[in-house]
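Please build the complex by placing chain W on the supplied structure of chain D, with the hints as guidance.
For the record, the sequence lines run as chains D and W. At position 202 of the first sequence (counting the first as 1) the number is 201 in numbering that gives the first Met the number 0, and the numbers step up by one without a gap. At position 212 of the second sequence (counting the first as 1) the number is 211 in numbering that gives the first Met the number 0, and the numbers step up by one without a gap.
Please keep in mind that the hints were generated in silico from the structure rather than gathered at the bench. For every residue, glycine included, the Cβ atom is placed at its ideal position computed from N, Cα and C. Watch out, some of these pointers could steer you wrong.
Computed cross-link-like contacts, PhoX-like style, restricted to lysine-lysine with a CA-CA straight-line distance of at most 20 Å [claimed, not checked]:
(1) K47/D / K76/W
(2) K136/D / K118/W
(3) K236/W / K32/W
(4) K236/W / K273/W
(5) K117/W / K136/D
Covered stretches of chain D, going by a simulated chain W footprint (3 or more residues, C-beta under 8 Å) [said to hold, decoys possible]:
(6) 112 to 125
(7) 153 to 160
(8) 206 to 217
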Amino acid sequence: METSQLIGLLGEGLVQTLYMTLVATFVSYVIGLPIGVSLIVTSSNGIKPVGWYNKIMGFIVNVVRSVPFLILMIALMPYIRKIIGTGIGTSATTAALIVAAAPFVARMVEQSLLEVDAGVIEAAQSMGASNMQIIRKVMLLEARPSLLNGAAVATITILGYSAMAGSIGGGGLGDIAIRYGLYRFQPAIMWITVIVLVILVQIMQEIGLKIAAKLDNRIN
Amino acid sequence: MSDTIISLQGVTKEFETKSGKVVALKDINLDIKAGDAYGIIGLSGAGKSTLVRTINLLETPTEGKVIFDGENLMSLKQSELNQKRHKISMIFQQFNLLMQRDAIGNVCFPLELAGVPKKEAEAKAMELLKVVDLEERAHSYPSQLSGGQKQRVAIARALASDPEVILCDEATSALDPKTTRAILALLKKINEERGITLVVITHEMDVIKQICKDVAIIESGEIVEKGDVQEIFAHPKTPAAKKLFFPDGQKELTGKTSTKSRLRLVFDGKDAHKPIISRMIMELKAPVNFLYADMDVVDGVQKGTMVICLSDDPEIAEKQRAFLIKEDVVFTELEVEGEVE
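This is chain D alone, in the form it adopts within the complex (with noise of 0.2 Å):
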């Protein structure tokens, strides 16, 4: 394969690659931030416990994870092509990479507002902050850093989800690596797609860390 060809493989893979991931990313986060939020705010210390609901969204939450990603995405796959016309390709993809994400990104979003000090919720209680003040104005705002770092995270395990959807002809560069590597013996095409997967990935956590510290005043 010429230069020329593989770099305009590779850059349409990586511009599938991206738009995947982050249409997903976004989607998934839609769906995932208010899951996340609502599984606090009801849970049995939050600050507005509704028990049937707790357990109901954060067993549907538990069993989405529970399935691998792959077998998920093939078994979405009939009801995927209902909807969108099509089973397989970028599109199809981030359909299944935002059942597959979306409670993924709850779990992360819990788990960052956990970090927030039940002392100021109470302090905002006490002056008479609504339960809709307090999501908006503490807990949101209190946790946007560890948020933000979740969002990094988010991003790029989506983004490796991302890869995996192209053994089952998924596009992107996960597409690319299996025909060319796997399926036509051009391993170098393989590794090539790897070291633009990792590159990827080191510059999404980056951009993630730099955004979290700088819009972090604890430290400075």
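Frame of chain D, contents of chain W only:
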């Protein structure tokens, strides 16, 4: 000024735990006058933190009424209660500032909750930071402030909503003695100049002595003694009160071996500067043994207690008593059999 602002009526709080019911508060009845500085003192685990949290309903009593400004808070809806809470501020042992907001941002927080426009809120917050002497640290974050400075920010924050009451939950317990004095002086000033009622929760007698006018002693969830600070200080009635006034080292003062009379003298300021005891020793030519002394200067006045041991000779001991009575010194006889334990 003598209107009752807070009234707890038959307040009982029970917690359900795995090992059964725990009664944290038992039939608490308490009236706090507007403008008062009311202390609630007790050892840890006595229920004082739970008690103060029933006043703003951070803890909902199992039984009883919590009346604030003539209104039973327990009959209010959550949104109405939140409105009332603007009038009852609270400061905490661990300060509980928002770590991601700077000092002025923290002071603005209650104003923001109440929907005050940002500009107006900031101007008011700056004023309040001046009151607590921290205007030059307005843009510092809590992690950059010392404990005393953090508590000052918390006090400014407590003042922001123009409260009628400030609840102080062990507000100085995390601070060193010097900072404690400064914070107490600030609270006292706020109480006196703004007429804001203080409810002070503490396990330290010194805190009560420095700023409180009235005090209630709580033990095992019950109020065992209450009244004027000076009065209780001079004549503690219950074992719990005595335990608080007599630090650990004084247990031996009421030991069983000696038959000598022991007196606990109380100086409330007017006589502390006079050399009464020295004169007694010189005039009666009989020594007294000093067993314990704890004197403090509060507002430039000496206050404190002293335990002395009178002469072996009953006759001289009687004269010494007479001398003290003549000099108007408030004292109580200590039981030799050691009831304090």
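Here is what the structure says about each hint:
1. K47/D / K76/W: 15 Å, holds
2. K136/D / K118/W: 18 Å, holds
3. K236/W / K32/W: 23 Å, violated
4. K236/W / K273/W: Given pair K236/W, K273/W is violated - Cα atoms ~28 Å apart, limit 20 Å.
5. K117/W / K136/D: 15 Å, holds
6. 112 to 125: holds (count 8)
7. 153 to 160: Violated, because only 0 residues of the stretch 153 to 160 of chain D bring their Cβ atoms closer than 8 Å to Cβ atoms of chain W.
8. 206 to 217: Since three or more residues must qualify, the claim that chain W covers the stretch 206 to 217 of chain D holds, with 3 doing so at under 8 Å.
Checked against the numbered hints above, the structure breaks hints 3, 4, 7 and satisfies the rest.
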